[in-house]
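Q: Here's the letter readout for the chains.
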Amino acid sequence: MKARNLYDKLWDSHVVREEKDGTALLYIDRHLVHEVTSPQAFEGLRLAGRKPWRTGSVLAVADHNVPTTGREGGIRDAVSRLQVETLDSNCADYGILEFRMNDLRQGIVHVVGPEQGATLPGMTVVCGDSHTSTHGAFAALAFGIGTSEVEHVLATQCLLGKKSKSMRIAVEGKLGRDVTAKDIALYIIGKIGTAGGTGHAIEFSGSAVSALSMEGRMTLCNMAIEAGARAGMVAVDEKTIEYFRGRPFSPKGELWEAACNYWRTLKSDEGAHFDATVTIDAAEIRPQVTWGTSPEMVVAIDGAVPDPKNFSDPVKRQGMERALAYMGLSPNQKIEEIAVDKIFIGSCTNSRIEDLRAAANVVKGRHVAKNIKLAMVVPGSGLVKSQAEKEGLDRVFLEAGFEWREPGCSMCLAMNDDRLSPGERCASTSNRNFEGRQGQGGRTHLVSPELAAAAAIAGHFVDPGRLS
Amino acid sequence: MKPFGYLDGLVAPLDRPNVDTDAIIPKQFLKSIRRSGFGPNLFDEWRYLDHGEPGMDNSKRQLNPDFVLNFPRYRGAQILLARENFGCGSSREHAPWALEDYGFRAIIAPSFADIFYNNCFKNGLLPIVLDAKIVDRLFLETSGKDGYRLAIDLEKQVVVTPSGEAIGFEVDAFRKHCLIEGLDDIGLTLVHGDEIRAFEDRHRGAQPWLFIGNEK
Ligand code: SF4
Numbered sequence: 014m015k016a017r018n019l020y021d022k023l024w025d026s027h028v029v030r031e032e033k034d035g036t037a038l039l040y041i042d043r044h045l046v047h048e049v050t051s052p053q054a055f056e057g058l059r060l061a062g063r064k065p066w067r068t069g070s071v072l073a074v075a076d077h078n079v080p081t082t083g084r085e086g087g088i089r090d091a092v093s094r095l096q097v098e099t100l101d102s103n104c105a106d107y108g109i110l111e112f113r114m115n116d117l118r119q120g121i122v123h124v125v126g127p128e129q130g131a132t133l134p135g136m137t138v139v140c141g142d143s144h145t146s147t148h149g150a151f152a153a154l155a156f157g158i159g160t161s162e163v164e165h166v167l168a169t170q171c172l173l174g175k176k177s178k179s180m181r182i183a184v185e186g187k188l189g190r191d192v193t194a195k196d197i198a199l200y201i202i203g204k205i206g207t208a209g210g211t212g213h214a215i216e217f218s219g220s221a222v223s224a225l226s227m228e229g230r231m232t233l234c235n236m237a238i239e240a241g242a243r244a245g246m247v248a249v250d251e252k253t254i255e256y257f258r259g260r261p262f263s264p265k266g267e268l269w270e271a272a273c274n275y276w277r278t279l280k281s282d283e284g285a286h287f288d289a290t291v292t293i294d295a296a297e298i299r300p301q302v303t304w305g306t307s308p309e310m311v312v313a314i315d316g317a318v319p320d321p322k323n324f325s326d327p328v329k330r331q332g333m334e335r336a337l338a339y340m341g342l343s344p345n346q347k348i349e350e351i352a353v354d355k356i357f358i359g360s361c362t363n364s365r366i367e368d369l370r371a372a373a374n375v376v377k378g379r380h381v382a383k384n385i386k387l388a389m390v391v392p393g394s395g396l397v398k399s400q401a402e403k404e405g406l407d408r409v410f411l412e413a414g415f416e417w418r419e420p421g422c423s424m425c426l427a428m429n430d431d432r433l434s435p436g437e438r439c440a441s442t443s444n445r446n447f448e449g450r451q452g453q454g455g456r457t458h459l460v461s462p463e464l465a466a467a468a469a470i471a472g473h474f475v476d477p478g479r480l481s
Numbered sequence: 263m264k265p266f267g268y269l270d271g272l273v274a275p276l277d278r279p280n281v282d283t284d285a286i287i288p289k290q291f292l293k294s295i296r297r298s299g300f301g302p303n304l305f306d307e308w309r310y311l312d313h314g315e316p317g318m319d320n321s322k323r324q325l326n327p328d329f330v331l332n333f334p335r336y337r338g339a340q341i342l343l344a345r346e347n348f349g350c351g352s353s354r355e356h357a358p359w360a361l362e363d364y365g366f367r368a369i370i371a372p373s374f375a376d377i378f379y380n381n382c383f384k385n386g387l388l389p390i391v392l393d394a395k396i397v398d399r400l401f402l403e404t405s406g407k408d409g410y411r412l413a414i415d416l417e418k419q420v421v422v423t424p425s426g427e428a429i430g431f432e433v434d435a436f437r438k439h440c441l442i443e444g445l446d447d448i449g450l451t452l453v454h455g456d457e458i459r460a461f462e463d464r465h466r467g468a469q470p471w472l473f474i475g476n477e478k
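Read top to bottom, the protein sequences are chains A and B.
Heads up: the first sequence begins at 14 in our numbering, then just goes up one per residue.
Heads up: the second sequence begins at 263 in our numbering, then just goes up one per residue.
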């Protein structure tokens, strides 16, 4: 049989039918739903008199609009409240399992899915959210969809689409000190650009990726979309399998053994074809900090803001100048000399227990700098939060001057009350630094949890190794 | 989606080129959690004298007496006669949602913006492209006669005027089929329902663990 790559295998095993022009009807195993992109889909279903095809495949959770403080009082903002209540009633009407706002299992949809074992290797996973690529860390084919497609999947359990091209990004070698999955992701995007993966499904491989924990692999796949790829994925290994042992939705007993046997086949065959290949030397990667308004505008922590004058392409130069003006930075400014106002540790990129441990490790026994207006930790889920509290991480953060919040998307996109004021500068562990993303006029620098924590302590960006 | 076969409807003329989707449904109404109910805010900025916001009681707002859709003679119109490049601007599907919710079933114009044209078919609206000269004439006839109606026969691909003149139009065969049958993408996929079910059974047999968890 022809050697197939992981993406081929995942795709082939879900094709219900295929038209001559290559348009396939793809079966969807898991449909994750949140409050922002689902209301019109449910309404469409209702107007057409249709029912969800398989309610058991759907898992819903409100995350984008939920407040991160004072939840006992409910949601104050009326528009947000209505969206969340609409999700609650849609799920109740159709018998869909939902983790409501005050459920311990509530959290960011991309943290909750794997945590519950609702995402499993070999699945097709969709959600009305572009960062669904996160779930590819478990050798699942996972990608974001629009509202019309949410309705389509609810009604038919399938999606119409054509297969993408495949790309392998191999990261080989050993990572340096304080270099994390986030830095790999930012480094790759800096190298191939935000359109580098457009039209492709990316498989991340190589010894540095194998060495990552499952959480690190999630961080990496989370940002595949920022490299232009709808899906990112990593092959199954023993770490993948161990991750699912004993999770609520994981198979048990004999089924577990059968599943493991199948899961072990979920990797690219020797000699499989890829439409594009990129190889990266892990030793080259330093902790990364974005300086601009696109994730590809990124340099190493010991670097400086680039000078547009050194770029000949006028479009690129203009883009850089505009970004520098928005960010309030000047060319050649050293990254370590940039002072910040706020710290956000959270989002579906970096809000899992390992991220919190790594950040806590940096702040332990230290205190947030005087110039920091707000430093907040927003755990990815209620279960992450309670685990962190068991380990005493909440006290480490609180004693250092951080706020310890309730789980949700929070200041990643500022749909709730957590946001930057115009001109404020934030060290953020999220994934998008677009203009206005964290609040109108807000300035976002994307970094790892370690670097965000170090910036909180120093009051400016700094290599954690150089903190006194 | 409502099937579209034959329509004999009152015509309303909107005599402006380049009507964009923000004019069709202004952006403040996109916050809605609904797909229906946009009809009262169709052309909101032209239709009312005050500034519209979601949640207002539109029946209490003052109508702009100079806007053509507010003329009593066009009440209940199902066919919109428009000028070139209708539906340009943002890709919001709310624009066809609003037109459909208002009661329009067909739009006749010399040209449409691409995305809008596609979105119409997904929502049971028929966009018809006719030669600019013919559209000119239809504008004259519509405003010249109260209660001017046109008949649209999608099967035969003709627009028939009150004098019995039949004007042919083009439409993609696949889209025509979907519209006549009232098939949206979902309807089309459900035509293969048996295949999906058969696949699901095989899939469940091969990977039963994919069907555990919150399965009822
Ligand atoms: S945390 Fe941010 S990126 Fe992730 S799902 Fe929420 S809003 Fe989207």
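Note that these hints are calculated values from the structure, not bench results.
Quick reminder that beta carbons are idealized off the backbone N, C-alpha and C, glycines included.
Some hints here could point you the wrong way.
[Said to hold, decoys possible] Simulated crosslink set (DSS-like; lysine-lysine; CA at most 30 Å straight-line):
#1 A:K265 - A:K178
#2 B:K438 - A:K64
#3 A:K64 - B:K418
#4 A:K176 - B:K438
#5 B:K418 - A:K403
#6 B:K418 - B:K395
#7 A:K176 - A:K187
#8 B:K418 - A:K176
#9 B:K395 - A:K64
#10 A:K252 - B:K418
#11 A:K178 - B:K395
#12 B:K407 - A:K175
#13 B:K418 - A:K175
#14 B:K418 - B:K438
#15 B:K395 - A:K204
#16 A:K33 - A:K280
#17 A:K33 - B:K395
#18 A:K403 - A:K377
#19 A:K204 - A:K265
#20 B:K395 - A:K175
[To be verified] Quick list of simulated restraints, FRET-style, between CB atoms:
#21 A:Q453 - B:P265: 24 to 34 Å
#22 A:D116 - B:H454: 46 to 56 Å
#23 A:N384 - B:S321: 30 to 40 Å
#24 B:G317 - A:S343: 41 to 51 Å
#25 B:D284 - A:K64: 56 to 66 Å
#26 B:A435 - A:S102: 37 to 47 Å
#27 B:D328 - A:K204: 38 to 48 Å
Q: For every hint, state whether the structure bears it out.
A: Going down the list of hints, with the structure as the test:
1. A:K265 - A:K178: Roughly 35 Å separates the two Cα atoms, so the pair is violated.
2. B:K438 - A:K64: holds, 26 Å
3. A:K64 - B:K418: Not satisfied, since the Cα-Cα distance of roughly 35 Å exceeds 30 Å.
4. A:K176 - B:K438: holds, 27 Å
5. B:K418 - A:K403: Status violated; Cα separation ~72 Å.
6. B:K418 - B:K395: holds, 22 Å
7. A:K176 - A:K187: violated, 33 Å
8. B:K418 - A:K176: violated, 37 Å
9. B:K395 - A:K64: violated, 47 Å
10. A:K252 - B:K418: violated, 63 Å
11. A:K178 - B:K395: Violated, at roughly 46 Å.
12. B:K407 - A:K175: violated, 50 Å
13. B:K418 - A:K175: violated, 33 Å
14. B:K418 - B:K438: Satisfied, since the Cα-Cα distance of roughly 11 Å is no more than 30 Å.
15. B:K395 - A:K204: violated, 54 Å
16. A:K33 - A:K280: At roughly 28 Å apart (the allowed maximum being 30 Å), K280 (chain A) and K33 (chain A) satisfy the hint.
17. A:K33 - B:K395: Given pair K33 (chain A), K395 (chain B) is violated - Cα atoms ~40 Å apart, limit 30 Å.
18. A:K403 - A:K377: Given pair K403 (chain A), K377 (chain A) holds - Cα atoms ~16 Å apart, limit 30 Å.
19. A:K204 - A:K265: violated, 42 Å
20. B:K395 - A:K175: violated, 41 Å
21. A:Q453 - B:P265: 24 to 34 Å: violated, 46 Å
22. A:D116 - B:H454: 46 to 56 Å: Since the Cβ atoms of D116 (chain A) and H454 (chain B) sit about 37 Å apart, the hinted range of 46 to 56 Å is violated.
23. A:N384 - B:S321: 30 to 40 Å: violated, 54 Å
24. B:G317 - A:S343: 41 to 51 Å: holds, 45 Å
25. B:D284 - A:K64: 56 to 66 Å: For D284 (chain B) and K64 (chain A) the Cβ distance comes to about 35 Å; the hint is violated.
26. B:A435 - A:S102: 37 to 47 Å: holds, 41 Å
27. B:D328 - A:K204: 38 to 48 Å: violated, 58 Å
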